[in-house]
Structures are given as structure tokens and as C-alpha cells.
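Here is what each chain is made of, one letter per residue.
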Amino acid sequence: MNTAINQLPVRTWNWLGVNNAGENAALFVPQNSKASVVVGPLPAGVQQVQAPVQGLPQSGMGREVDEFVLQHANATCFVAVEGKAETPLLVEGFLDDARPQLIAHNSIYAQKGSSVTLVEVSRSAPQTKGQFASLTQVYAARGAKVRLVQLVLTGDDCKSWNAVATTVEEGAKFELVRILLGSTVASAGARVNLAGQHGEFWLDQIYFGDTARSIDINDVAEHRGEDTLSEMHTAGVLAGNSTKLLRGTIDFQRGAVHAVGHESETVLLLSKTARNKTAPLILCGEEQVEGQHAATIGRLNQKQMYYLCSRGLTPAAARRLMVEAQFAPAVDKIPQEELQKEVLELVARRLDENEESFE
Amino acid sequence: MRSFETEKTQVEEFDRSIYDIKDAANASFEVNSGLTPAIVQKISEEKHDPEWMRLFRLKALQTYNEMPLPSWGPPLDGLDIENIVTYVRPNTPMRGKWSDVPDDIKNTFERLGIPKAERLSLAGVGAQYDSEVVYHNVRAEVAAKGVVYTDIESALTGPYAEMVRKHFMKLVPPTDHKFAALHGAVWSGGSFVYVPPGVSVEIPLQSYFRLNAPGAGQFEHTLIIVDKGAYLHFIEGCSAPKYNVANLHAGCVELFVGEGARLRYSTIENWSKNMYNLNTKRARVEKDGIMEWVSGSFGSHTSCLYPMTILKGENSRMEFTGITFAGNGQNLDTGAKVVHAAPHTTSHISTKSISRDGGISTFRSAVVAAPEAVGSKSAVACESLMIDDRSRSDTIPVMDIRCDDVDVGHEAKIGRISEQAIFYLMSRGLSEDDARALIVGGFAEPIAKELPLEYAVEMNNLIHLEMKGSIG
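Residue numbers (the working numbering), protein chains in the order written: chain F, 2 to 360; chain S, 374 to 845.
It cannot be assumed that every hint is accurate.
Said to hold, decoys possible - Taking lysine-lysine and the DSS-like style, the derived pairs with C-alpha atoms no more than 25 Å apart in a straight line are:
(1) F:Lys334 with F:Lys146
(2) F:Lys113 with F:Lys334
(3) F:Lys304 with S:Lys685
(4) F:Lys174 with S:Lys685
(5) F:Lys35 with F:Lys130
(6) F:Lys273 with S:Lys470
(7) F:Lys174 with F:Lys334
(8) S:Lys601 with S:Lys750
(9) S:Lys646 with S:Lys660
(10) S:Lys489 with S:Lys601
(11) S:Lys786 with S:Lys685
(12) F:Lys273 with F:Lys304
(13) S:Lys750 with F:Lys273
(14) S:Lys646 with S:Lys601
(15) S:Lys660 with F:Lys273
I should point out that these hints are in silico values taken from the structure, not numbers from a laboratory.
Modelling step: build the complete structure from the supplied sequences, incorporating the hints.
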């Protein structure tokens, strides 16, 4: 059975199993329980507001997830931004046996010329069988700059759904940094409507699949305005029996004159039994555009490994160095050093745990 | 009126006419339109099928009735099988000499240049008119090497009957998709080729498919077996005059490439723009074998065409080189599929597509690396050119990799003709039309060079034909 989650914008052969997320990504029954969420201090220029942004497109995950979160949210954080927020706003969610479900609805209204960074972190207690579903809605008004950093660090017994819906107006910029290191089933999807002239969308994301982890992603950059730009870049590691499906779509709609979209993915396969699926779409209804996609899927470069080992590194250290290098563009955009360190330590631990499968 | 508008009209009226000349309907037999068990039985009777084939057809019909239409791809709303005549027998049996073919049919193939090409550059020719092959011939020296090239009906009951039965719709079973099932039920015509071990057929064989009857379907079956260490270049051409009703082409091509063998399969498809071209092509390649596809898609109202290669043997290879040119009213959904099912296999898919004048071009691909595909490599490159903002060009590639020791690369580019390049060429004295045609010709050149000379010329002519009047 399939779900209506993470639907490929244009369907293709059913036997490939990429048209939508599988049954394991089906949503859960909400318990109407309380959530454990800590919202950090509001930076200067950021104010909490009563209502979320209205009139945004549906998220990359689709209507099913959006409506689920809107209906069952047990945590909300709606903010409006005026001016430049110098420090990031941190929203941390935690799942444990007492509060195993977090359904978070976050919203940012970034006013003209403003800038803000929102960091969303989800973690869980060991062995907690939890569910974390979120919908983050972003409106970047003219010239605004919004960076959304999502860290999914929940444990192996959790499932997660991270939906993002954004509209970017003239001269505005939306950056999404997505770190998918947690959950046994991690689903995510962003839809960015580049509505205004010179609007930009930058995506840097990393994932690490191991054990029987399943990762399912659907990101869509919709170019509607002239001279819009999308840069969508993903790096990932697959080990163990993990599976990953990345759908990335650059959609040039008519009128998006001189729009440019670039998308890339690098997948390191560290196990014989991992499975990678990639579906990078370019949809084009406008003549004067430039769209490009590139994907590289394979093992670690053995020549580089050999060189690093000849310089005295152990194979494990060399491997870690190379994986960290691949992850650096995303990790470097995490605004807090402690969080960067936490991510890198988790990656190192994952590599250590999977050492046997590399041999 | 601007100059290019006049030119465009002239082109449409003059050049396309070679393909658009209609012969008077003069069929010796045709079934009623629609698809029923009685019609399938009738086709089987008329074709004197062996019993297994009669049963095969009926089972395929059942499969067809049970299967849904594809939930992906271009719309097929304009296609109603109830309006399609699935079998039209021309007024002649198959001949071995052009002089024996009735004048009206012979003249059609003369205009298309088939007898001339046979004389100049082909080792053998098969010509199908509506549902039956009307001409088949192979050079004596090629036949002397043991090469079999005949219509598939003859093969079905002749000395190669068992070989045909063993391979027929084994690569593309009727359960594959709804139109494969349709093909299994009503197939008629097509070619059978067998190249014995070690035999190299130095000059190509060609089959040409012409559909003349309005509202008809053509369902030819091509079965080619290239045995160990053998080589063959097979060329397929197709065209039809334009009618105001939908025509349907649901052919099936099954290619078996033996150990160390090499098969090159070239297609120039120029169906009329009322045609639904829902063709299925598949190849299986054994150890050290090589499959090469060269595909040019210019015609059809709607196309769904994705030749598939199964790299079954170690070190086997495939190359797919394709170009699609979608113009006004066309929705051409083309691409390729490859399954790496053995170690050290290699695939290279390179496509170009051009959309203009409201045409829709979609590149669709699948690269699958099975767990056994250790040490395999795959590279996919697709480039799309948009000529105006009324057209569409979509790229839908998928990679499914289940093996860690592989090297898979994919590149896609979409863009427009550089204004700077046009300006430069115009500053050198070219008109804007010619500058654009030259750039598009250059864009398509990597494909053209893979074709035999006369087909490259035909492709270039088609590009020029399509490009005329593309400005404005």
C-alpha cells in the first residue's frame, strides 16, 4: 500500500516505487498528548504572533501531512520578524515515554528586508517509540532572508515527518539546511514557491542511513518569478540495510524568465545491502531558463582512501574525514558550534557502529 | 505577412507530402473496429496461427481487459480502441521482388526511397504495409552465411518455428503493460532475424513500416536473435499519412544478444501527427555482448517509447543515443531503461530533445543496478533545448541502486539557444532562421553521427523542416 505522502510532481513507472512514499511513512494516530518543546529566547526583532502565515502553497510532503499537523498540532511557534535578528531562534523538541508524540506547527513571517535563522531540533530518549511530525511555514517578504535549520536527531525507534512550505518574494532568500540523522523512518519534503523576481532558494541537506533506516524526501523548487535561483544540494551515506529515496524537482513555470536551477546529489554507498533511489526532475515550461542536475552514486574514492592511509590515517579515520568533507557544506551552516559538534559526533558514532560493513 | 510564415507554409505543403501521400483504401480484408474475442479469433484464423498462438492471443486479450491504463505518462484520451481497426490486410501477399508488388503500394515505398536504399546500402529489406509484410528480401550472399531474415509469420511455421516460440513475448510478456497485452492479442507482421554464431552482417538490414489505413492500428512484432560472437545492424523506419482520426502503433521489439555478440538497432520514427505510438522495445544481452540503440523520434501525436536493456551477462554493455523533436500538437514521452543484472556491466544513455511551437517533450529514464551488478558503471546525460515559451520539456530520470560497488552518474541540462550565438552567426551573414537551424543541427550532431549517412541526412532534413518558421 502506498500513501499520498511525498508525491512525485509528475508520476513515472509504478514499478520503480518512487511516485509516493511507502506504507512505512503512513501517519500515526494522534494521542492528543502534551508535547515537550523548549523555545529559546526570542532574538531582537522577532515577536511571537497569534496566527501562522496564510496563503502559502502546500508543503513538499503534500496535503495529507499538512492537514494532519494543522489539525493535531500539540506545539506551535508562530513568529514575525522585523529587522535583522542577530541570533538564531532555537526550538527544541524532545520525545520520551511520557510525551512520545510531537506535532509541531511553526511559522515565520519575515517582513520586508528582515532576516532570521530558525533552528528546529528534535531528539528523543533512548528506546522511546515516538513520532515527530512538523509543518514549518515560511513567508519571506521582499528582500527578507530566512534560514531554516532542521536537525532530526531522534532515536532509532522513532518516526519523523518534516514538511516545509515557503513563499519567497522579490529579492528574498530562503535557505534550508536539513540534517537527517535520526528516526527509523525519516520523511521530509519542502516546497518553495519562488514567486518574486530574484527570489532564491538554497538547500543543503545531509542524511545518514544505516541499520534498516528508511529515508524518503520530496523537495520542490517552483520558479515562478523572473531571475529566480534554486540551488539544491544533498550529500548522503547509506550503510547497513538502509534505503533512501530522494525526489528533487526544479519546476520552471511559464514566466520564470532567466531562472536558474541547479541540483546535485552525492551518495556514498557503504554497504552491499543498502538501497538508493534518486529521482531528480526538471520540469520546464519556460524557454529562457537554465536547469541542471548531477548525481554521483558510488563507493568512497579508493585512491583518496589509499592516499590518506599512506599519510598515516587509519581507514576509519580516513573514512570519517571524507564523509565529514561531504557533509561540511550543510554542517557549516548550522549556526551554533555545539550543534555542529553534536552532528559530527553522531556521524562519527554511526560510522564506528557500521565499521564491520565497510570491510 | 512575414517571410518565415510563407516559408513555413511551403515547407508543410511540400516536404511533408512525401510521407503524407495517401493511397486509396484497397484492403483485401479488414476486421471491424474494436477489440473482442471474436475479432482476435478472426485475426488468428486469417493468419493461420498455430494453436498455441491462438491461445496466446486470447489469453493476452484477457490480460488487456484486466489491466488499467498507465497512471503516468501523456494523456491517451484521444485513443479509443473501439474506433481502432486492429487488422487490415493489403491487397497482396508477401513478395520477393518489388516488380511483383502492386503499383500503388510499390509507389509508396519508392517515394520513401526504400527500394533505392536496398540497392545501394542494405543487405536486406522488409516492407510492411498496414498489417502485413508485402515485401521481404535478403541478399543471397548474406543468406548464404546462414542469416535468416524473414517475416515473422513465415518463421512461425517454418524451420525456425521452435526458436520463435521459445522467444516470442518472453522479454516483453503481455502482462508487462496494457499495450503489450494488446500487442499480444492482435499482433501482425514484423520481422524475424537470426544471425548464426560468429557471422558478421557488414551492411544493415532494414524493415520499413507503413500504415496507410485511417483509424487503423499497426502491431508488428520484431524478433532478432544475434548468436554468439555475431554482429548485426538493424534499421527500422516508419511513417504514415496524416488523418483526422487517431491511428495506433503498438509494436513490440524483442532483441536477444548472445555472448560476445553485438547488435545495433537504429530507428527513425516519423509517424504522422495523428498517431499514438505506444511501442515496446527490449533487449537482453549475454556475457560480453553489446547492445547499441540509436533512436530518432520526430513524428506521432503522442509517443511512449523507452527501449529497455537487460544486461544479463558479465561485462555486457549498452549504449543508447536518442533524439526527440516535439513540435506543434505533439507530446513525445521518450527515453530509455537499463537493468544492470550482472557484474562489470556498463550503460551509457545520451539523449537530446528539442521542443518548439507548443510541443511537449519528456525524457524519462530508469537505471537499475541489481545487487549482482558489482563493478558496474552507468552514465546518463540528457540535454533539452526549448525553442519558445509555448513548449514544454520535462526530464524524469530515476536511479535505483542496490549495489555498493557501482559508479553511477547522471547529468541533465535544460536551456535555450544562446542569443549570443545567434547574433554571432547573423553577423557572419546567416539569416536568423538559418542560424537557429544550424545551432539545432549542431545540438543534434552527436546523434546524427551515429546514424548511417543517408539516415543522418534524413534526420537533418527533418530538423530543418521542423525548424523552418520557428522564429516569432
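Hints and how they fare:
Using a Cα cut-off of 25 Å, the hinted pair Lys334 of chain F and Lys146 of chain F holds, with the two alpha carbons roughly 14 Å apart. Restraint check for Lys113 of chain F and Lys334 of chain F: the C-alpha separation of about 23 Å stays at or below 25 Å, so the hint holds. This hinted pair does not check out: Lys304 of chain F and Lys685 of chain S have alpha carbons roughly 29 Å apart, beyond 25 Å. Of the supplied pair hints, the one linking Lys174 of chain F and Lys685 of chain S is violated, its CA atoms being roughly 48 Å apart against a limit of 25 Å.
A threshold of 25 Å between alpha carbons decides the hint, and for Lys35 of chain F with Lys130 of chain F the separation of about 15 Å falls inside it, so the pair holds. A C-alpha spacing of about 58 Å is found between Lys273 of chain F and Lys470 of chain S, which places the hinted pair above 25 Å, so the restraint is violated. Between Lys174 of chain F and Lys334 of chain F the alpha-carbon distance is near 15 Å, which keeps this suggested pair within the 25 Å criterion. Restraint check: the Cα-Cα separation between Lys601 of chain S and Lys750 of chain S comes to about 24 Å, which is no more than 25 Å; the hinted pair holds.
Note on Lys646 of chain S and Lys660 of chain S: the hinted pairing is violated, with a Cα-Cα distance of about 40 Å set against a maximum of 25 Å. Proposed proximity of Lys489 of chain S and Lys601 of chain S is contradicted: the alpha carbons are some 32 Å apart, above 25 Å. Proposed proximity of Lys786 of chain S and Lys685 of chain S is contradicted: the alpha carbons are some 30 Å apart, above 25 Å. Simply put, Lys273 of chain F and Lys304 of chain F have alpha-carbon atoms about 20 Å apart, close enough for the 25 Å limit, and the pair holds.
Distance check on the hinted pair: Lys750 of chain S and Lys273 of chain F sit about 16 Å apart at the alpha-carbon level, within 25 Å; holds. Restraint check for Lys646 of chain S and Lys601 of chain S: the C-alpha separation of about 40 Å exceeds 25 Å, so the hint is violated. Under the criterion of a C-alpha separation no larger than 25 Å, the hint pairing Lys660 of chain S with Lys273 of chain F is consistent with the structure, at around 23 Å.
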